[in-house]
Amino acid sequence: MVIEMGRPGPGGLGDVVRVLEEWQGDEAPLQLHPGDVGWFWRFGTQRTADAVRTWSRAGEILAVGLLDGAQLLRLAFAPQAWRDEELARRVAEDASAPERGVLPAGTAYVEAPVGTPVREVLSEGGWNSGESWTPLRRDLGAPVPDPGVRVEVIGPDLAHEWAAVLRASFDRSTFTEERWRAMAAGTPYAGARCLLARDERDRAVAVVTVWSAGEGRPGLIEPMGVHREHRGHGYGRAVTIAAARTLRESGSSSVIVCCPSSNVGGVATYRSAGMEPLPERLDLYRDAS
Numbered sequence: 001m002v003i004e005m006g007r008p009g010p011g012g013l014g015d016v017v018r019v020l021e022e023w024q025g026d027e028a029p030l031q032l033h034p035g036d037v038g039w040f041w042r043f044g045t046q047r048t049a050d051a052v053r054t055w056s057r058a059g060e061i062l063a064v065g066l067l068d069g070a071q072l073l074r075l076a077f078a079p080q081a082w083r084d085e086e087l088a089r090r091v092a093e094d095a096s097a098p099e100r101g102v103l104p105a106g107t108a109y110v111e112a113p114v115g116t117p118v119r120e121v122l123s124e125g126g127w128n129s130g131e132s133w134t135p136l137r138r139d140l141g142a143p144v145p146d147p148g149v150r151v152e153v154i155g156p157d158l159a160h161e162w163a164a165v166l167r168a169s170f171d172r173s174t175f176t177e178e179r180w181r182a183m184a185a186g187t188p189y190a191g192a193r194c195l196l197a198r199d200e201r202d203r204a205v206a207v208v209t210v211w212s213a214g215e216g217r218p219g220l221i222e223p224m225g226v227h228r229e230h231r232g233h234g235y236g237r238a239v240t241i242a243a244a245r246t247l248r249e250s251g252s253s254s255v256i257v258c259c260p261s262s263n264v265g266g267v268a269t270y271r272s273a274g275m276e277p278l279p280e281r282l283d284l285y286r287d288a289s
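Heads up: the sequence shown begins at 1 in UniProt numbering, then just goes up one per residue.
Careful: at least some of the hints might be erroneous.
Label pairs and their calculated CB-CB ranges [unchecked claim]:
1) VAL2 / ASP202: 54 to 64 Å
2) GLY216 / ALA58: 26 to 36 Å
3) HIS233 / PRO260: 19 to 29 Å
4) ARG172 / ALA105: 39 to 49 Å
5) ALA28 / GLU200: 38 to 48 Å
6) ALA97 / PRO10: 19 to 29 Å
7) HIS160 / PRO279: 23 to 33 Å
8) ARG18 / GLY115: 35 to 45 Å
9) ASN263 / GLU161: 43 to 53 Å
10) GLY216 / GLY130: 32 to 42 Å
11) PRO143 / PRO277: 18 to 28 Å
Derived by calculation from the structure, the hints in this document are not laboratory data. Even for Gly, the Cβ is constructed at its ideal location relative to N, Cα and C.
Kindly generate the complete structure, drawing on both the sequences and the hints.
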């Protein structure tokens, strides 16, 4: 049967989130998580819908893509379609042809899970290996220790404070309270929590959002940040441990995160919080020529 690429529209985002939840598993390589869609939702429902692509056969969604920025396509595949060559070729063709409305002409990037044939097909088509990423994971079968700092689960009343710490954690961040509210209104946020860590003087020093994919499945950290004026005191480690505790309480089997390998400090922070690095993976890119 023919594989069709689609755009779900706002009304179809719930189905996309549902299948992404079902596709998560500790035995599978890291791939697009419902929390990635949830974090993108900070831009609003319509823009999120505009950024999502699906590939289906006979009405069954087999792959999902998120345009995380104009030039980057992030992918996930159904477990039963992991080695589906026909699907891989269709996804690669759509990603490589600007007229199909997935990626633009010129420089573009694809983030595909390791082990799927779409990587091989793209490489055959002239795509090159790009940036190195380090996935990290912590099993949540055993209890997680206390983080050692006061951590709050925040709601709309403290959204402004959470947003301010996140902005102070990343040089080019434009995150606002309004974007927090848009994110919290999204379908994936039903299983998410935003945490805020405070120091002994009650100052907000670090933030994290955790996203559940359902009981018995991996939960995701996205994002985590430490206020630039409060670095070097272990708050990144503490808030990451708090994130793991929160996900364990929600029934998640593990906590995962993916960090650029070049961010040596970030990888070290996650490792200090008990997360174990998995084999590095490379994204794929096509240059402007």
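task: Any hints from earlier that this structure breaks? Give me their numbers in increasing order, please.
output: Failing hints, ascending: 4, 7, 8 and 9.
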